[in-house]
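Chains as they are written, first to last, in this note's numbering: chain R, 1 to 354; chain Z, 355 to 672.
Treat the hints as calculated values from the structure; they're not laboratory data. Take the hints with a grain of salt, since some may be wrong.
[Stated by the list, open to error] No farther apart than 30 angstroms at their CA atoms in a straight line, the calculated lysine-lysine pairs in the DSS-like style are these:
{"no.": "1", "chain 1": "R", "residue 1": "K126", "chain 2": "R", "residue 2": "K220"}
{"no.": "2", "chain 1": "Z", "residue 1": "K449", "chain 2": "R", "residue 2": "K193"}
{"no.": "3", "chain 1": "Z", "residue 1": "K609", "chain 2": "Z", "residue 2": "K559"}
{"no.": "4", "chain 1": "Z", "residue 1": "K672", "chain 2": "R", "residue 2": "K179"}
{"no.": "5", "chain 1": "Z", "residue 1": "K559", "chain 2": "Z", "residue 2": "K449"}
{"no.": "6", "chain 1": "Z", "residue 1": "K559", "chain 2": "R", "residue 2": "K220"}
{"no.": "7", "chain 1": "R", "residue 1": "K193", "chain 2": "R", "residue 2": "K220"}
{"no.": "8", "chain 1": "Z", "residue 1": "K449", "chain 2": "R", "residue 2": "K220"}
{"no.": "9", "chain 1": "R", "residue 1": "K179", "chain 2": "Z", "residue 2": "K559"}
{"no.": "10", "chain 1": "R", "residue 1": "K126", "chain 2": "Z", "residue 2": "K449"}
{"no.": "11", "chain 1": "Z", "residue 1": "K449", "chain 2": "Z", "residue 2": "K518"}
Just so it is clear, the structure is predicted and the values come from calculations on it, not from any experiment.
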Amino acid sequence: MTNTDDLSSPVFDSASQGAGAAKAASGAAVTAEALKARKRRRRKVALLVLLAAIIAYLIYRLLSGGDSLPGISSQLPHYETSIYGATQPLGVAVSPDGDRIYVTESGGSHLVRVYDRSGNEIDTLKPPGGASARLPVYVAVNPVTGDVFVSDRLGETVNLYDEDGRYRRRFTPRGPLGKGANPLGLAFDSDGKLYMTDVSGGRRSHRVLVFGNGEEPVRKIGSPGAFWFPNGLAVDSNGDVYVADSNDGRLAIIDPNGRLAGSIQRGVADGDLGLPRGVALHSDRLYVVDTTAHTVKVYGVSGDVRKVPSYIGSFGVEGIEDGAFEFPNGIAIDGDGRIYVTDRENNRVQIWTY
Amino acid sequence: MAQARLTLLGLACAASLFLGTAASRADNGPHVAGAGIVTDTCASCHRMHTAQAPKLLRESQNALCYTCHGSSATGANTDVEDGIGYSGEGRKGGKAGALRGGGFEYALIDSGAASGQQSEPPNPGGSVPVLAGTAAATSSHSVDFSEQTAWGNGPISETANYGKSIQLRCGSCHDPHGNGNYRTLRAIPQESGAGGGVTILDATKYVYTTENYWQVEDANAPGFIANISAWCATCHTRYLSSTSFTDSGDAVFTKRHRTDQASQGSANCIQCHVSHGSNANAEQTSSGGVHSLEGVPAASGSYLLRIDNRGVCQMCHK
Chain R
1 MTNTDDLSSP VFDSASQGAG AAKAASGAAV TAEALKARKR RRRKVALLVL LAAIIAYLIY
61 RLLSGGDSLP GISSQLPHYE TSIYGATQPL GVAVSPDGDR IYVTESGGSH LVRVYDRSGN
121 EIDTLKPPGG ASARLPVYVA VNPVTGDVFV SDRLGETVNL YDEDGRYRRR FTPRGPLGKG
181 ANPLGLAFDS DGKLYMTDVS GGRRSHRVLV FGNGEEPVRK IGSPGAFWFP NGLAVDSNGD
241 VYVADSNDGR LAIIDPNGRL AGSIQRGVAD GDLGLPRGVA LHSDRLYVVD TTAHTVKVYG
301 VSGDVRKVPS YIGSFGVEGI EDGAFEFPNG IAIDGDGRIY VTDRENNRVQ IWTY
Chain Z
355 MAQARLTLLG LACAASLFLG TAASRADNGP HVAGAGIVTD TCASCHRMHT AQAPKLLRES
415 QNALCYTCHG SSATGANTDV EDGIGYSGEG RKGGKAGALR GGGFEYALID SGAASGQQSE
475 PPNPGGSVPV LAGTAAATSS HSVDFSEQTA WGNGPISETA NYGKSIQLRC GSCHDPHGNG
535 NYRTLRAIPQ ESGAGGGVTI LDATKYVYTT ENYWQVEDAN APGFIANISA WCATCHTRYL
595 SSTSFTDSGD AVFTKRHRTD QASQGSANCI QCHVSHGSNA NAEQTSSGGV HSLEGVPAAS
655 GSYLLRIDNR GVCQMCHK
C-alpha cells in the first residue's frame, strides 16, 4: 500500500550522483517529476482497488439478499409453503395473534375458511342462508376486538363474526353516506376504525367509506370518478390510506385529509402496475398484488406520503409451480412478517417469508 | 412566419380531432371508454413482445375476462360466471339481479316455478321468475375453448352435416374494444363463417338484469328483438326459418320451427333460450338425454332453455 515512507525512499542509485552541478540540478528535477508521477499512479491504483471493492460488495449484497444496505433493503421474501382447500380464494386476513388465517372462497361453497398457522382447517364461517345466496370477497380483522368482517358481493353487505367465528350480524352501512353501499375491500387502522371500498352504482359513485363506532360512515374519500372499482386497501399509522384503484390500474395514496398525496401508476416499467387488487403494509414496506401480472410488487415507504414509494422488486411469476401465481388477489401479513397471498386460479393460499 | 403559423394551426386542429374521439361509454366496454383511452390502457391486456396468448394478450382471453367479470365481479357489475348483475349504470341501484343471458357456471333462472305456470300465456301473464340464489348451470355456450359443435352451421346440405367444430371464447361473440353494437356483439362472430354480419344498434340505456326471464325484449334497444335471431343464425345458420311447413332441402334440418319473428312473445331464438347459460332441468324421460340430432350421441343438459324440460313448448302450445 502507498505510504509516506515509501515516497521518501531513494529512487535512483549512487552512480548517478557523480555528475556535474547542472546535470545534478536537472537530475533532481527529473527525480521530483518521477516521484510525482509515481505518486499519481499509486493514487489511481488505490482508487481503482477501492471502487472494485465497493462494486464487489454491492454485487454480493444483491445476490445474497443480505441485510439492509444504507437507506433501503433490497431483500425480497421467498416462497415457503401453501395452504390448500379453498376454491378460488380471493381475500385473506390474519388474526392479531397470527393463529387464525381467514380465507374467502369465491367458488365452491362460498365459505370463509379458517386455518391455523400450520395450514390445518379449523373452522368455516358463513352467514345464515344457503351457499347460493352469498359471495364472500374480502375479509379483515378488527385489531382491537378480533371481530371478523367479510364483504359479501351478492348480499351487498358485510357479515360480522366474533373472534371465535360465531356469526353475529350484518354490518350494513347506513345514513346519508352509507345507504346503498356495496362493500368490497375492507381494512382497519390500528385503532379499530373500519375503512371500506364501495362499488355501488356506476364509476362516479365508487369511493372509500370510513366508519367510527357504528354503521354510519363518518366520512367518505373520493370525489365522483376518483376511483374505479377500488378493491383492497390498507391504512398506515399516520392515517394515510393506500387504495388499489383497480380498474384505473393505480395505487392511490390518500392523506388523512382525504387528498391524493401520490400514486403508483399503470404501465410497463419496473414498479408500474397492471390490475392492482390486494394491498398490505408491514414495517416500512408496501405490498401490492398485481393480479394480471401474477406477482406481488414490493415498495419501500418512508412514512411521508408525499414521497412516492420506492420500488424494491416483486415476487412470484405466472404458473402453477410452488411460488408461481395464477391471478393472485388478496394479501395479508402477520406480526412476524409471514405473507399470505391468495392464488385464485391455483386454488391455494401461498405463504412467503423473509 | 405566416406559413409556420398555419402549420401550427393545422397541427392543433389535427390534435383536437384525436382528443375528441374518446370512445363512448357502457356497452362499448370499460377497456376503451369510461374515462377515455389513456396512454397505458393497452397495457392492461396486451404485451407487445412478451404476450402469452394470441392477439398479443398477456393472458388467455377468458382468464382475463373473468378477472373482472367472473365470480364476485371485483372489477365489473356483470358477473357472467354466476349470472349476476350488480347495481351499476345499468340498474337503478338496489340489490343484485339476474343477468338476462344467464351465467356460464351458475344462473338464477327459477325454471321450476316457471314450469308451474304453463297454463298461463307467456305474454303478459306468464313469467320465468328469478331465484334468490344461484343454481349450477346445466347447459352453457362453453367459452373454455373446448371443441364443440356449432349446430346447424353452414348452408343447406343434402347430405348429413350437423355443423362444424369450433372453439368458443368470450371474444368469439363480443368485441372487447367496443364496436357500437349491442352488448359489443360482433356483427360476424368469429369462426361463424358467415358471409355478412348483423348489426344491432347499441342501446341508449343499458338493462343487464331481469326480474322475468320471459321478458326478452329490451325497450331501450328496439333493434334487438328484431335482429337477434338473425344474429344467432350467423353461427346456427340452418336454425333460422320463417315457416315449419316446407322442407328446407337439408338432410338434417329438414322441417324447422319458425324462429324469425320479431316481437316479444313470438317465435325467435331468444324467446326460448338464454345466451350464456341456463340452470333449467332436463331430466324427465322425454327431455333428459334426448338425442338432439339423429346419429349424434345424446347430450345431457338443458340446451340453454329457459324452462325445465320442454316447458317452453307448453308456454305457447297449451
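Verification of the hints:
1. R:K126 - R:K220: Within the cut-off at roughly 29 angstroms; holds.
2. Z:K449 - R:K193: holds (26 angstroms)
3. Z:K609 - Z:K559: violated (38 angstroms)
4. Z:K672 - R:K179: Between K672 (chain Z) and K179 (chain R) the Cα gap is close to 46 angstroms, so the pair fails against 30 angstroms, i.e. violated.
5. Z:K559 - Z:K449: This hinted pair holds, its Cα atoms lying about 19 angstroms apart.
6. Z:K559 - R:K220: holds (29 angstroms)
7. R:K193 - R:K220: holds (13 angstroms)
8. Z:K449 - R:K220: Measuring from Cα to Cα gives roughly 22 angstroms; hence the hint holds.
9. R:K179 - Z:K559: Given pair K179 (chain R), K559 (chain Z) holds - Cα atoms ~24 angstroms apart, limit 30 angstroms.
10. R:K126 - Z:K449: It holds: about 20 angstroms lies between the C-alpha atoms, which stays within 30 angstroms.
11. Z:K449 - Z:K518: violated (41 angstroms)
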